[in-house]
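Put chain B on the given structure of chain A with help from the hints.
There are 2 protein chains.
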Amino acid sequence: MKEPLLLDGREVSKSIKGQLKGTIDSLTKEGIVPKLVTILVGDNPSSHTYVQMKANACSKIGMESERIFLPTETTTEELLQTIRQLNEDETVHGILLQHPVPSHIDERQAFDTIALEKDVDGVTSHGFGSTAFQLNAYPCCTPAAIMEMIDFYNIDVEGKHAVVIGRSPILGKPVSMMLLNRNATVTISHSRTENLEQMVSQADIVVAAVGKPKFVKGEWLKEGAVVLDAGYNKGNIGDCDYETCYNRASAITPVPGGVGPVTIATLLRNTVLAAQQKAMMREVSHT
Amino acid sequence: MKEPLLLDGREVSKSIKGQLKGTIDSLTKEGIVPKLVTILVGDNPSSHTYVQMKANACSKIGMESERIFLPTETTTEELLQTIRQLNEDETVHGILLQHPVPSHIDERQAFDTIALEKDVDGVTSHGFGSTAFQLNAYPCCTPAAIMEMIDFYNIDVEGKHAVVIGRSPILGKPVSMMLLNRNATVTISHSRTENLEQMVSQADIVVAAVGKPKFVKGEWLKEGAVVLDAGYNKGNIGDCDYETCYNRASAITPVPGGVGPVTIATLLRNTVLAAQQKAMMREVSHT
Chain A
1 MKEPLLLDGR EVSKSIKGQL KGTIDSLTKE GIVPKLVTIL VGDNPSSHTY
51 VQMKANACSK IGMESERIFL PTETTTEELL QTIRQLNEDE TVHGILLQHP
101 VPSHIDERQA FDTIALEKDV DGVTSHGFGS TAFQLNAYPC CTPAAIMEMI
151 DFYNIDVEGK HAVVIGRSPI LGKPVSMMLL NRNATVTISH SRTENLEQMV
201 SQADIVVAAV GKPKFVKGEW LKEGAVVLDA GYNKGNIGDC DYETCYNRAS
251 AITPVPGGVG PVTIATLLRN TVLAAQQKAM MREVSHT
Chain B
1 MKEPLLLDGR EVSKSIKGQL KGTIDSLTKE GIVPKLVTIL VGDNPSSHTY
51 VQMKANACSK IGMESERIFL PTETTTEELL QTIRQLNEDE TVHGILLQHP
101 VPSHIDERQA FDTIALEKDV DGVTSHGFGS TAFQLNAYPC CTPAAIMEMI
151 DFYNIDVEGK HAVVIGRSPI LGKPVSMMLL NRNATVTISH SRTENLEQMV
201 SQADIVVAAV GKPKFVKGEW LKEGAVVLDA GYNKGNIGDC DYETCYNRAS
251 AITPVPGGVG PVTIATLLRN TVLAAQQKAM MREVSHT
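Taken in order, these protein sequences are the chains called A and B. If you count the first sequence from 1, position 71 lands on 71 in UniProt numbering, and the numbers rise without skipping. If you count the second sequence from 1, position 18 lands on 18 in UniProt numbering, and the numbers rise without skipping.
None of these hints come from the bench; they were simulated from the model. Please note: incorrect hints may appear among the correct ones.
Put simply, identical chains are the same to the list, so a pair is met inside one copy or across any two.
[Said to hold, decoys possible] Below are the SDA-like pairs computed for lysine to any residue, each with C-alpha atoms no more than 25 Å apart in a straight line: (1) K217 with I61; (2) K217 with E3; (3) K212 with F133; (4) K212 with N183; (5) K222 with D204; (6) K278 with N56; (7) K222 with F69; (8) K278 with G235; (9) K212 with G159; (10) K222 with E197; (11) K212 with H48; (12) K214 with Y50; (13) K278 with E77; (14) K222 with V33; (15) K217 with Q202; (16) K21 with S46; (17) K278 with S59; (18) K214 with G159; (19) K21 with Q202.
Excised from the complex, chain A in its bound form (with noise of 0.2 Å):
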């Protein structure tokens, strides 16, 4: 049987940290220095290690960060007024609400606070929109990283069938108006579809975003299938059997070290986009 390609997140993410690069010294040069602003509601183990490493990831390639702790009992206007000072501050380019927040949280309400001019997580429903219809706005991270591993791989996109595991708004809803947007036919399922399996199978390229582990088997998919899986459960495990699907599919993301590390390197990129956005505003306002 004939390996599959291993679409390694590494690399992408190296490309798009490399192409950064250039720009953020040309900015800091101008005295500005690209800066995310990440905040963290409780006290979730994982949150606390996602939020750090976003925050090396800014240190590391030469932008500023901050990361704000509020307390699990933060009432939702008091997480809206932090935002909204995030908002006005000046200095801060790009805002960051670690999900999942506590449940008392009004999250959806949170979210759509984010300015979007500094929406570089891409989860305003505002900024959702934006992107389905191919305007301005920063593209939800997480399905950014997968379209930049299609891209990066060269991997054929045009007229296939797609389908998508998964209609969360940062993920199986965002990821299918962008695949779709490339002239993708996308069909997106979830817990409810029935006939899950018999829909895979007639895929050409499976996105998992179902937050299961090991949910899409090898036996599911069509013998050469692409197979982007985009899940990050416990124990570094992904939403894909990684075994079973490794037999059939003709390309697939390891995990780790797939999707994950490009969401992180698109999280930076469009930091950096918005602080050049705000940049260029300046410039303009000055001649």
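Chain B in isolation, oriented as in the chain A frame:
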């Protein structure tokens, strides 16, 4: 062969308008007459007919309406100015920019200049995002009309496979999101789709939103499929070949008298809701 259920848009429209009557009356008593302003740029005869139909529908149900006609040579900036004035105008509850505008105008920018709270036609990218995420926004009228048909005739959507043909921002994309939010498995197909017929042949529900007369043939359909035809081509011809589809479908929308009349009813409803929202805001600010 069993005759299919006819999804009569005139019946659905009558039902929606019946429900609106009471609200319009009580708003009028409070001194608020729901008002829709339509903007028509250029002299497309079909567009003239459409805005006239919308104005008539308003007047019949006791709503106000105003038609603004702008010449073909109107610039994007001039159109945006008109929209911004209507955004500010306290007496206007809903703004509809008749599609299509002359090709030199940036239609998307014009749509997105309409204030979200007056976007009763549901054409803004922000409104699309809000609808996709099931937030509070006026849903795009033709997709909303399709959902009304489904509800009125108790068509089972949950877990069913819906194939949408077309991916426009005001039809294919929003109806896909609405069906998805009702737990259908949704495939979005389009001009670049390979094997469209095979895809359609698997559908429990087919939504034709492709803009090509008699495009969908009866022989493509699974026996017993539900056929929702959102097309309106010259000569009152739908996107589906009605005769052959009729023989295979379990339920079908006629053209004319299908989705069209319901679209206007959803526009009236969105405008009434916008006026009601306005009245509520006024009350809040008075207390």
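Hint check:
1. With identical chains, the CA atoms of K217 and I61 are never at most 25 Å apart, being 38 Å at best within one copy and 56 Å at best between copies.
2. In the homo-oligomer, the alpha carbons of K217 and E3 lie at most 25 Å apart inside one protomer (17 Å), although the nearest pairing across protomers, at 42 Å, exceeds that limit.
3. For a Cα distance limit of 25 Å, the shortest separation of K212 from F133 across copies, 22 Å, qualifies, whereas the shortest one inside one copy, 30 Å, does not.
4. Only between protomers do K212 and N183 lie at most 25 Å apart by alpha-carbon distance; the minimum there is 19 Å, versus 28 Å within a single protomer.
5. In this homomeric assembly, K222 and D204 come within 25 Å of each other (Cα to Cα) both inside a single copy, at 7 Å, and across copies, at 23 Å.
6. Taking the shortest alpha-carbon separations for K278 and N56, only the intra-copy value of 23 Å comes in at or below 25 Å, while the best inter-copy value is 48 Å.
7. For a Cα distance limit of 25 Å, the shortest separation of K222 from F69 qualifies neither inside one copy, at 45 Å, nor across copies, at 55 Å.
8. Proximity of K278 to G235 under the C-alpha cut-off of 25 Å is found in neither arrangement, the shortest distances being 40 Å within a copy and 51 Å between copies.
9. For the homomeric pair K212 and G159, the shortest alpha-carbon distance between copies (20 Å) is at most 25 Å, but the shortest distance inside one copy (29 Å) is not.
10. Taking CA atoms no more than 25 Å apart as the test, K222 paired with E197 passes in both settings, with 10 Å inside one copy and 20 Å between copies.
11. Taking the shortest alpha-carbon separations for K212 and H48, only the intra-copy value of 21 Å comes in at or below 25 Å, while the best inter-copy value is 53 Å.
12. In this assembly of identical chains, the alpha carbons of K214 and Y50 lie at most 25 Å apart only when taken from the same copy (22 Å versus 53 Å across copies).
13. Only between protomers do K278 and E77 lie at most 25 Å apart by alpha-carbon distance; the minimum there is 24 Å, versus 28 Å within a single protomer.
14. When the C-alpha separation of K222 and V33 is checked against a cutoff of 25 Å, the pair qualifies neither within a copy, at 47 Å, nor between copies, at 59 Å.
15. In this assembly of identical chains, the alpha carbons of K217 and Q202 lie at most 25 Å apart whether taken from the same copy (14 Å) or from different copies (23 Å).
16. In the homo-oligomer, the alpha carbons of K21 and S46 never lie at most 25 Å apart, since the shortest distance is 28 Å inside one protomer and 54 Å across protomers.
17. Within a single copy, K278 and S59 get their C-alpha atoms as close as 20 Å, which meets the 25 Å cut-off; across copies the closest is 48 Å, which misses it.
18. Proximity of K214 and G159 under a CA criterion of 25 Å is satisfied inter-copy only: 23 Å between copies versus 28 Å inside one chain copy.
19. In the homo-oligomer, the alpha carbons of K21 and Q202 never lie at most 25 Å apart, since the shortest distance is 41 Å inside one protomer and 49 Å across protomers.
Checked against the numbered hints above, the structure violates hints 1, 7, 8, 14, 16 and 19; every other hint is satisfied.
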